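The task is simple: from the sequences and hints, build the whole structure.
2 protein chains.
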Amino acid sequence: MKVIVNIQLKNGVLDPQGKAVHHALSSLKFDEVNDVRIGKQIILDIEQSDKASAEKRVKIMCEELLANTVIDDYTIEFPTC
Amino acid sequence: MKVIVNIQLKNGVLDPQGKAVHHALSSLKFDEVNDVRIGKQIILDIEQSDKASAEKRVKIMCEELLANTVIDDYTIEFPTC
Numbered sequence: 473m474k475v476i477v478n479i480q481l482k483n484g485v486l487d488p489q490g491k492a493v494h495h496a497l498s499s500l501k502f503d504e505v506n507d508v509r510i511g512k513q514i515i516l517d518i519e520q521s522d523k524a525s526a527e528k529r530v531k532i533m534c535e536e537l538l539a540n541t542v543i544d545d546y547t548i549e550f551p552t553c
Numbered sequence: 473m474k475v476i477v478n479i480q481l482k483n484g485v486l487d488p489q490g491k492a493v494h495h496a497l498s499s500l501k502f503d504e505v506n507d508v509r510i511g512k513q514i515i516l517d518i519e520q521s522d523k524a525s526a527e528k529r530v531k532i533m534c535e536e537l538l539a540n541t542v543i544d545d546y547t548i549e550f551p552t553c
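These protein sequence lines are chains A and B, in that order.
My numbering puts the first sequence at residues 473 to 553.
My numbering puts the second sequence at residues 473 to 553.
Source of the hints: derived by calculation from the structure; they are not laboratory data.
Treat each hint with caution, since some may be false.
[To be verified] Derived lysine-lysine pairs resembling PhoX-like cross-links, with alpha carbons at most 25 Å apart:
| no. | chain 1 | residue 1 | chain 2 | residue 2 |
| --- | --- | --- | --- | --- |
| 1 | B | Lys474 | A | Lys491 |
| 2 | A | Lys491 | B | Lys523 |
| 3 | A | Lys531 | B | Lys512 |
| 4 | B | Lys512 | A | Lys523 |
| 5 | A | Lys501 | A | Lys482 |
| 6 | B | Lys528 | A | Lys531 |
| 7 | A | Lys491 | B | Lys528 |
| 8 | A | Lys512 | B | Lys512 |
| 9 | B | Lys531 | A | Lys501 |
| 10 | A | Lys501 | B | Lys523 |
Values in this document were obtained by computation on a predicted structure and should not be read as measured data.
Shown next as structure tokens:
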């Protein structure tokens, strides 16, 4: 089963990487861009039969390793296709 | 308008970061994990009124800057909420 974890910096936490990309986009004349936030997308392939237990296990993985819960927010989703 | 760009390495391209996280998860006894792929999720806030032109512009941004189209695949989506 495939599980997708999206990790983004919490609102209010400065995102220097996003600022750099925003600056680069402006220099390429993409002036319609107001803000850029960059995070991680982790795709896990796990040996689990049902979604509920998969979600529970992945939540623990996020809390213990994948996300820095002080500065990151994370969401867990299952691909539709 | 918010636009989400998900960038992942193409299949077949080695993902050392993913391998390292997979190894760390195994050492934390998450043995049900078969594979880990790590990519980027970029959230753009852009000044655009309709989705079609926003998607067209973001596609150009991906081709020119955000994604390395030799080794990366990217998808463009609009948040539902």
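Hint check results:
At roughly 16 Å between alpha-carbon atoms, Lys474 (chain B) and Lys491 (chain A) fall within 25 Å of each other, so this suggested pair holds. For the hint linking Lys491 (chain A) to Lys523 (chain B), the alpha-carbon distance of about 24 Å falls within 25 Å, and the restraint holds. About 19 Å separates the Cα atoms of Lys531 (chain A) and Lys512 (chain B), which keeps this hinted pair within 25 Å; it holds. The straight-line distance between the Cα atoms of Lys512 (chain B) and Lys523 (chain A) is roughly 24 Å, inside the 25 Å bound, and the hint therefore holds.
Pair hint Lys501 (chain A) plus Lys482 (chain A) does not hold up; C-alpha atoms about 28 Å apart against a cutoff of 25 Å. In summary, the hint linking Lys528 (chain B) to Lys531 (chain A) is not supported, as the alpha carbons are separated by about 35 Å, beyond the 25 Å threshold. Simply put, Lys491 (chain A) and Lys528 (chain B) have alpha-carbon atoms about 22 Å apart, close enough for the 25 Å limit, and the pair holds. Distance check on the hinted pair: Lys512 (chain A) and Lys512 (chain B) sit about 4 Å apart at the alpha-carbon level, within 25 Å; holds.
Simply put, Lys531 (chain B) and Lys501 (chain A) have alpha-carbon atoms about 14 Å apart, close enough for the 25 Å limit, and the pair holds. For the given pair, Lys501 (chain A) sits about 20 Å from Lys523 (chain B) by alpha-carbon distance, which is consistent with the 25 Å threshold.
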